[in-house]
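A.B. asks: What follows is each chain in one-letter form.
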Amino acid sequence: MDDRVAEMRDDPAVDLVLDANALGGMLAGLFGADVTGCPGQCAHCHTVSMVGTMRAYTRGPGMVVRCPACAQVVLRVVQTPDATYVDASGVSWLRIAR
Amino acid sequence: MAIAWQLATVGSARDETPTVRSFTLDLPGWSGHRPGQHIDLRLTAEDGYSVERSYSIASEPERSGEVDITVERIEGGEVSPFLHQVVVTGDRLEVRGPIGGYFVWEAVLGGPLLLVAGGSGVVPLMAMVRHRARSGMAVPARLLFSSRTSDEIIYRDELDELAAAGDGFKVLHTLTREQPAGWSGFTRRIDEAMLAEALEPLGAATRAYACGPTALVEVVANALVRLGLPPDRIRTERFGPTGT
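Protein chains in written order, with my numbering: chain P, 785 to 882; chain A, 1025 to 1268.
By construction, these hints were calculated from the structure, which means they are not laboratory data.
Just so you know, these numbers come straight off a predicted model, no measurement behind them.
Please note that a few of the clues may not be correct.
[Unchecked claim] If you anchor each label on the Cβ, the simulated ranges turn out as follows:
# : chain 1 : residue 1 : chain 2 : residue 2 : range
1 : A       : 1162      : P       : 881       : 26 to 36 Å
2 : P       : 814       : A       : 1211      : 44 to 54 Å
3 : P       : 827       : A       : 1130      : 45 to 55 Å
4 : P       : 877       : A       : 1246      : 26 to 36 Å
5 : P       : 869       : A       : 1053      : 48 to 58 Å
6 : A       : 1185      : P       : 823       : 36 to 46 Å
Note that the Cβ used here is the ideal one computed from N, Cα and C, for glycine as well.
Please construct the entire structure, taking both the sequences and the accompanying hints into account.
C.D. replies: Okay, structure coming up:
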């Protein structure tokens, strides 16, 4: 990692974002399959993108997945000791191949 | 297909650089993977507290029943210092995978191939490079690899050997902090001019894969689009807190 990147890593806006590819294991626990290669549609701007290319914010109390086109929230997942809460109101549909 | 946790046994471990260590994990029931995929690793304390981290698979799928991961030690991290300082051969670790249907390359996809890595971002790209060599398909490929100093170049000897094979694979190094005497590689951060130089002999049909810290990947992806690569031929993997 070079120096400029090291500086940018201190910028929370840059440091926080990952590809949702990184959440593949956790999402597989929810959907029963690896969905990182599956297309899904953003309910806000209707862009269809592969789940693995969506933006993931993982450092908060929960996981937030945002649309790579419009940056609106597509999916929120919060895990507590008792349960997993899933808010998928930002996704119109997800295609999981059988 | 659900992805279940399974027990891996640490087969061997070796240092790649002063802060980066590779582990071979024996997984008798491993279903196989595609180059670029990762595993999740879970550590559970006696009181039930558990942490999960994602690690890219470094090894090629031609090896069966085992995978290599390469782990950078992050000071103050919960998992990587444990893996570096505590884990020894024979230890058992919980593993889930393979994971990732997007950041993958297989020889059947063809090339030419431009791989761009920053630091430990080279790990999933190494799985592609090793797979390419084992597949026997001489897909033209270049790895543009940014490290801070020569001591921190991960897989340096193996990359030199693979490049010396003369089958169309070339490595371009850049050292951003300190260069040894006589260094002939690049000496600056990856930028558009450097990417143009790497891309030029490969041509407009190149498939590009970039992996590293988020800021680096953003620079690379934007520059490659400006250089004329279609966005759907550029795949990215941003390294971040889940990799610590």
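A.B. asks: Hint by hint, note whether the structure agrees.
C.D. replies: Evaluation of the provided hints:
1. A/1162 to P/881: 26 to 36 Å: holds (32 Å)
2. P/814 to A/1211: 44 to 54 Å: Roughly 46 Å apart at Cβ, these two residues keep to the hinted range, so it holds.
3. P/827 to A/1130: 45 to 55 Å: violated (33 Å)
4. P/877 to A/1246: 26 to 36 Å: At roughly 29 Å between Cβ atoms, residue 1246 of chain A and residue 877 of chain P fall inside 26 to 36 Å, so the hint holds.
5. P/869 to A/1053: 48 to 58 Å: Violated: the Cβ-Cβ distance is about 32 Å, outside 48 to 58 Å.
6. A/1185 to P/823: 36 to 46 Å: holds (40 Å)
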